[in-house]
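Undergrad: Residues per chain are reported as follows:
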Amino acid sequence: MFQASEHNLRSKRREALFRTLFALMTLVLIVPVVVIIGTLVVKGAPVISFEFLFTDPINGMTEGGIFPALIGTVWLVAVALLVSVPLGVAAAVYLSEFAPDNWFTRLINLAIINLAGVPSIVHALFGVGAFVLFFRFGTSILAASLTLAIMTLPVVIVATLESLRAVPLAFREACWNMGATRWQTIRLVVLPNAVSGILTGIILEVSRTSGETAPIMFTGAAFFLPYLPESVFDQTMALSLHLFVMTTQVPGVPEHLPYGVALVLIGLVLAMNALSIAFRVYLRQRKKW
Amino acid sequence: MLPSDQSSAYDPLRKPPKFAIRTNGLNVWYETFQALFDIDLNIRHGKVTSLIGPSGCGKSTLLRCFNRINERLGYVRTEGSINILDHDISTPGTSLAQLRKQVGMVFQRPNPLPVSIRKNVLFGLDLHHEGSAPHGRSERDNIVEEALRQVLLWDAVKDRLDQKATALSLEEQQKLCIARLLPVKPIILLMDEPCSALDPEGTEAVEELIWTLRGSYTIVIVTHNMAQARRASEECCFMLLGKMIEHTRTKEMFVTPKNKETADYIEGRYG
Ligand SMILES: Nc1ncnc2c1ncn2[C@@H]1O[C@H](COP(=O)(O)OP(=O)(O)O)[C@@H](O)[C@H]1O
Ligand SMILES: [Mg+2]
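Going line by line, the protein sequences match chains A and B. First residue of the first sequence? That's 159 in the numbering used here, and the numbers climb one at a time after it. First residue of the second sequence? That's 4 in the numbering used here, and the numbers climb one at a time after it.
Worth flagging that the hints you see were computed from the coordinates, not collected in a lab. Note that beta-carbon positions come from the ideal geometry of N, C-alpha and C, so glycine has one too. Be a bit skeptical, because a hint or two may be false.
To be verified - Every beta carbon over 10 Å from chain B, so not counted as near; a handful from chain A, in silico:
| no. | residue |
| --- | --- |
| 1 | PHE160 |
| 2 | PHE176 |
| 3 | ARG264 |
| 4 | LEU265 |
| 5 | GLY287 |
| 6 | VAL364 |
| 7 | ALA372 |
| 8 | GLU413 |
Said to hold, decoys possible - Selected chain A positions facing chain B (Cβ under 8 Å, derived; list incomplete):
| no. | residue |
| --- | --- |
| 9 | ALA328 |
| 10 | PHE329 |
| 11 | GLU331 |
| 12 | ALA332 |
| 13 | TRP334 |
| 14 | ASN335 |
| 15 | MET336 |
| 16 | GLY337 |
| 17 | ALA338 |
| 18 | THR339 |
| 19 | GLN342 |
| 20 | VAL347 |
| 21 | ASN351 |
To be verified - Negatives, chain A to chain B, calculated, CB over 12 Å:
| no. | residue |
| --- | --- |
| 22 | LYS170 |
| 23 | ALA181 |
| 24 | THR197 |
| 25 | ILE266 |
| 26 | PHE293 |
| 27 | THR343 |
| 28 | LEU426 |
| 29 | MET430 |
Given only the sequences and the hints, what does the whole structure look like? Please build it.
TA: And the structure:
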């Protein structure tokens, strides 16, 4: 009496078909990742050495290391964060904790989301117009970092907003009812509980920013500049641009060298992501509510 | 006492007014919906007064008027006067920080902050003395101990004051939420269904606690639970659809209610 009907069997076959199909699609998804990282490791690992990381490129970038580019990337990202984190966190705190819920606030939120969708080349052109030319910062770390900062601002704001909203209303109510002002509530309860999420957002941000090429290419990153920058008004090399230049602009670069640069760049990004995940896990275990 | 300057601070040695809370013609609207109608209420100083009535009749709304926390919503309109210890709290000179220091509130769901037990107890104190950390370590320890003793929690938690408050049982959390109000020396404690998230034993323990706090504080407790109102309060107010129907001594209300609607409610005819 419990024998499968023809209809049951057909349903079953169809299910098996779709399951296999979706599994294959997932596989297709991870193949490129595996191939990319695999190739980079295989071809790039042999060039990675202490010298490679800590010496200047020589002979028209066909030999030597990547030290100025590595340091340049650190500079660019650090200055960008110095601008975007305080600005973004402050804006998010205002939007989430103070701003009244009206059409203007909603407009701002919409603008932030749209800003996140602006292509990076548009940010680059804006950076040239605003920072290089109008504010006369010239092509410099400052101009490039400000461009990166503008580009990453929406991400910082959104990450912060989400972490702030994840703090239960009950904590805020407890504070208000004890006579705390909004600012006391934010400082003593909301921010300490949101900080893990905010930091995770920022670390992810770092990893994304360090790989950007277009926004820095016209605003402050140099093709070849084998010195370390001395101030934010200097130009600098950067890993991402260095890679671009090596592979497309300079003849006679040995094949393995760009792979090494790419591996360092990706290693940096993955390390940042791993750090952010570890951080999140750690903080989540620590807080219990 | 409510303005922020210290000279006019409430003096506990002065003979307190007979009534801790007096409202006159109090009407409250949520946008266009009227939640309270012409509430005239006198709550005696130093007594436990319970507020009963079917759900949605405006008990929480009334309670939230007494520390002006309703205003947070932004769309609440209040008319009429509310006097706390003979001070009109709607005057522009009223400091909300001072008002909420003197009028503490406990919620249905215990809401300890996700910090240590000790920090929870000292939170209000630090809030109101920010910058000028007025107490030494031993003095702070004494304050913590005294507050936790008052809520009958000291023996249970004295060895784990630095543990997270959120790890306590619900009953302990609720007691802690009461303890946390005490270091700033409030006069009135408002409790909005403080036992409804607790199991029967927890309920009994918190009721017992409320009973021991009687006399030292004016307590207004909202409850769904008729037996609880009867056991744990000296005066009782019955509300229905935003109106105050009856307010008498608890004993009288449960034995000889004057009003037919009150009688119907306490006999469980609607609820
Ligand atoms: N934040 C609010 N916004 C709009 N209406 C509300 C709000 N809070 C309560 N009300 C309404 O006011 C009435 C009284 O609510 P409340 O004071 O919570 O009743 P009770 O505590 O007696 O159950 C209810 O009809 C409820 O729907
Ligand atoms: Mg209620």
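Undergrad: Confirm or reject each hint.
TA: Here's how the hints hold up against the structure:
1. Residue-level check passed: A/PHE160 sits 46 Å from the nearest beta carbon of chain B, beyond 10 Å.
2. Listed as a non-interface residue, A/PHE176 keeps its Cβ farther than 10 Å from every Cβ of chain B; the least gap is roughly 44 Å.
3. Annotated as non-interface, A/ARG264 keeps its C-beta farther than 10 Å from every C-beta of chain B; the closest such distance is 16 Å.
4. For A/LEU265, the requirement that its beta carbon stay farther than 10 Å from each beta carbon of chain B is met, with the minimum near 19 Å.
5. No Cβ of chain B approaches the Cβ of A/GLY287 within 10 Å, the least distance being about 41 Å, so the stated non-interface status holds.
6. With a minimum CB-CB distance of about 28 Å to chain B, A/VAL364 clears the 10 Å threshold, and the non-interface call stands.
7. With a closest Cβ-Cβ approach of about 43 Å to chain B, A/ALA372 is found to remain outside the 10 Å limit, as its non-interface label requires.
8. Its beta-carbon lying about 55 Å from the closest one in chain B, A/GLU413 satisfies the requirement of being farther than 10 Å from that chain.
9. At a threshold of 8 Å, the smallest CB-CB gap from A/ALA328 to chain B is about 4 Å, leaving the interface hint in force.
10. The interface hint given for A/PHE329 holds, since its Cβ lies 6 Å from the closest Cβ of chain B, which is under the 8 Å cut-off.
11. For A/GLU331, the interface hint holds, the least distance from its beta-carbon to any beta-carbon of chain B being 6 Å, beneath 8 Å.
12. The closest approach between the C-beta of A/ALA332 and any C-beta of chain B is roughly 4 Å, which is under the 8 Å cut-off, so the hint is satisfied.
13. Interface hint at A/TRP334: satisfied, since its Cβ lies 6 Å from the closest Cβ of chain B, which is below the 8 Å cut-off.
14. Proximity of A/ASN335 to chain B holds as hinted, the smallest CB-CB distance being about 5 Å (cut-off 8 Å).
15. With a cut of 8 Å, the hint placing A/MET336 at the interface with chain B holds, because the nearest CB-to-CB distance is about 4 Å.
16. For A/GLY337, the shortest C-beta to C-beta distance to chain B is roughly 4 Å, which falls under 8 Å, so the interface hint holds.
17. Taking 8 Å as the C-beta contact cut-off toward chain B, the hint placing A/ALA338 at the interface holds, the least distance being around 5 Å.
18. Residue-level restraint check for A/THR339 holds (minimum Cβ-Cβ distance to chain B is 7 Å; threshold 8 Å).
19. Below 8 Å, beta-carbon pairs count as interface contacts, and A/GLN342 has one with chain B at about 6 Å; its hint therefore holds.
20. With 8 Å as the threshold, the beta carbon of A/VAL347 comes within range of chain B, its nearest partner Cβ sitting at about 6 Å, so the hint holds.
21. Checking A/ASN351 against chain B: minimum C-beta separation of about 6 Å stays under 8 Å; hint holds.
22. Interface exclusion of A/LYS170 from chain B stands, the closest Cβ pair being 48 Å apart, more than 12 Å.
23. Here A/ALA181 stays apart from chain B, with its beta-carbon at least about 42 Å from theirs, past the 12 Å limit.
24. A/THR197, annotated as away from the interface, keeps every beta carbon of chain B farther than 12 Å; the closest lies near 47 Å.
25. For A/ILE266, the non-interface assignment is confirmed: its Cβ lies about 18 Å from the closest Cβ of chain B, beyond the 12 Å cut-off.
26. Every Cβ of chain B is farther than 12 Å from the Cβ of A/PHE293; the closest lies at roughly 39 Å, confirming the non-interface assignment.
27. The claim that A/THR343 is not at the interface with chain B is violated, since a C-beta of that chain comes within 12 Å of its own (minimum 9 Å).
28. Chain B leaves A/LEU426 outside its interface by the beta-carbon criterion, the shortest separation being 34 Å against a cut-off of 12 Å.
29. Listed as a non-interface residue, A/MET430 keeps its Cβ farther than 12 Å from every Cβ of chain B; the least gap is roughly 28 Å.
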